[in-house]
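Undergrad: Use these hints to put chain B onto chain A, whose structure you have.
Protein chains in written order, with the UniProt record's numbering: chain A, 1 to 278; chain B, 1 to 278.
No wet-lab data here; the hints were simulated from the structure. Virtual Cβ for every residue (Gly too), placed ideally from N, Cα, C.
Which stretches of chain A does chain B cover? Using the computed rule of at least three CB atoms under 8 Å from a CB of chain B, they are: (1) 8-18; (2) 60-70; (3) 258-268.
2 protein chains.
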Amino acid sequence: MEPLENISRNRSFGGWHKQYRHRSDALGCDMRFAIYLPPQAATEPVPVLYWLSGLTCTDENFMQKAGAQRMAAELGIAIVAPDTSPRGEGVADDDGYDLGQGAGFYLNATREPWAQHYRMEDYVLKELPELIESVFPVTNKRAISGHSMGGHGALTLALKNTGHFCSVSAFSPIVNPVNVPWGEKAFTAYLGDNREAWKAYDSCELIRQAKEHLPILVDQGDGDDFLQSQLKPENLVAAAKASGYPLQLRMQEGYDHSYYFIASFIEEHLRFHSRYLS
Amino acid sequence: MEPLENISRNRSFGGWHKQYRHRSDALGCDMRFAIYLPPQAATEPVPVLYWLSGLTCTDENFMQKAGAQRMAAELGIAIVAPDTSPRGEGVADDDGYDLGQGAGFYLNATREPWAQHYRMEDYVLKELPELIESVFPVTNKRAISGHSMGGHGALTLALKNTGHFCSVSAFSPIVNPVNVPWGEKAFTAYLGDNREAWKAYDSCELIRQAKEHLPILVDQGDGDDFLQSQLKPENLVAAAKASGYPLQLRMQEGYDHSYYFIASFIEEHLRFHSRYLS
Chain A
1 MEPLENISRN RSFGGWHKQY RHRSDALGCD MRFAIYLPPQ AATEPVPVLY
51 WLSGLTCTDE NFMQKAGAQR MAAELGIAIV APDTSPRGEG VADDDGYDLG
101 QGAGFYLNAT REPWAQHYRM EDYVLKELPE LIESVFPVTN KRAISGHSMG
151 GHGALTLALK NTGHFCSVSA FSPIVNPVNV PWGEKAFTAY LGDNREAWKA
201 YDSCELIRQA KEHLPILVDQ GDGDDFLQSQ LKPENLVAAA KASGYPLQLR
251 MQEGYDHSYY FIASFIEEHL RFHSRYLS
Chain B
1 MEPLENISRN RSFGGWHKQY RHRSDALGCD MRFAIYLPPQ AATEPVPVLY
51 WLSGLTCTDE NFMQKAGAQR MAAELGIAIV APDTSPRGEG VADDDGYDLG
101 QGAGFYLNAT REPWAQHYRM EDYVLKELPE LIESVFPVTN KRAISGHSMG
151 GHGALTLALK NTGHFCSVSA FSPIVNPVNV PWGEKAFTAY LGDNREAWKA
201 YDSCELIRQA KEHLPILVDQ GDGDDFLQSQ LKPENLVAAA KASGYPLQLR
251 MQEGYDHSYY FIASFIEEHL RFHSRYLS
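Just chain A, same shape as in the assembly (with noise of 0.2 Å):
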């Protein structure tokens, strides 16, 4: 296989959104990832908003449905999305939506039988952007965003390197996994039954930890199923109040967990990162 073999390209806002298969070192298996290059990257390297997505996801659901290339191309922004775990038949997997392929929680996992394959911390933070930024035209300017699952990967990889990220946004997170259904139980099977090595991967807690400050938005729809059962936004409120963490969270009436929601507020997120990419 090349080593970057393009499965699909499309023309959208006068850029490109395109679909790539590579061979990954950190996952040891093949993965699918999608970039929107803006029009502007024909002639100059633009800066990268890396996307997270949630459970069940892949690389798709957002450039599909989240109609973030119009801002993207005005802005002058490129967008990567990975898919949201390892893949393939020789990859772990299990029964559950919320475990195992489709559902990496973007760490590393330190037991079997996830650990071979499951590295997704190590693959959005270092591989992938090494790979992007050395065939795209792309800075080394980053920014991160993602939804519910993405959205605790964008925060909680923000908030361990903020060197590496310029700005960082999520819809609808999973702020305190360590405190909800589906963090138990992912972090029990990846992690182990030791709960302080989970707090490495709660945004609650790094936020608590945290000695340099990041420009951070999170948006929160209160008319969310999973609001009070996986997303406890408040929880995330009073630790950045209780460390003095600039964090603004808003709270959005009426709206729900799905990607209508995100495309609503898609375009302010854009001018966000765009602030300190620039």
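TA: The following block gives chain B in isolation, referenced to the frame of chain A:
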């Protein structure tokens, strides 16, 4: 079953996306449709854009992928997206993706086994708008648009019923179905072997015969895989020229047949319709 059963609702750009199921007398089966109600509909009746989707689609493709709600919310236009054919176990079907369920071609079939249920022309033109205008806060100002088979549907229904719609637009429409494989297959099945009967559903033929003129906007990507075999926009241009019909048909460089194309230009289509709906 209730006359109109609400099966989903999502807040979107300050308005609502909703899906409904209802019994269709015209089609003799249960049907699902989607409606986007912009924020303005909460306080005053708004005009309606009917969107007809292409082969294999349902009411969901456009609502999820076109990104139309943003501009519909800004302009105060409701959008109604019906399904692309009658549906259900008792409804005739075919193994091909381009005939039967998902491929109704927006006509009234006259041949069995199709004639019993395949009456999408009656459904889209009469039954559905009567239902919409009796239940939702909308005016009787209507526009129509669609993609591919749905572009064919929009153009033919508008050209045959000039008083019914204020304006019509299409993306990548099948403008000359009597001369292309998709149309020949479907029309043979639905209408029989007499090609004279097909002309009532051919946009090129209708535009040649048109007495009244309606504002028409057509966008067609020149990177569309179906351009030469199925779409033939040059035939519509020639027919319009021959009859002096004012047609705005734009070839868009590099764009293909996908929703990435539709999303890139849907704002301009909504602005176009808004001029005639207000």
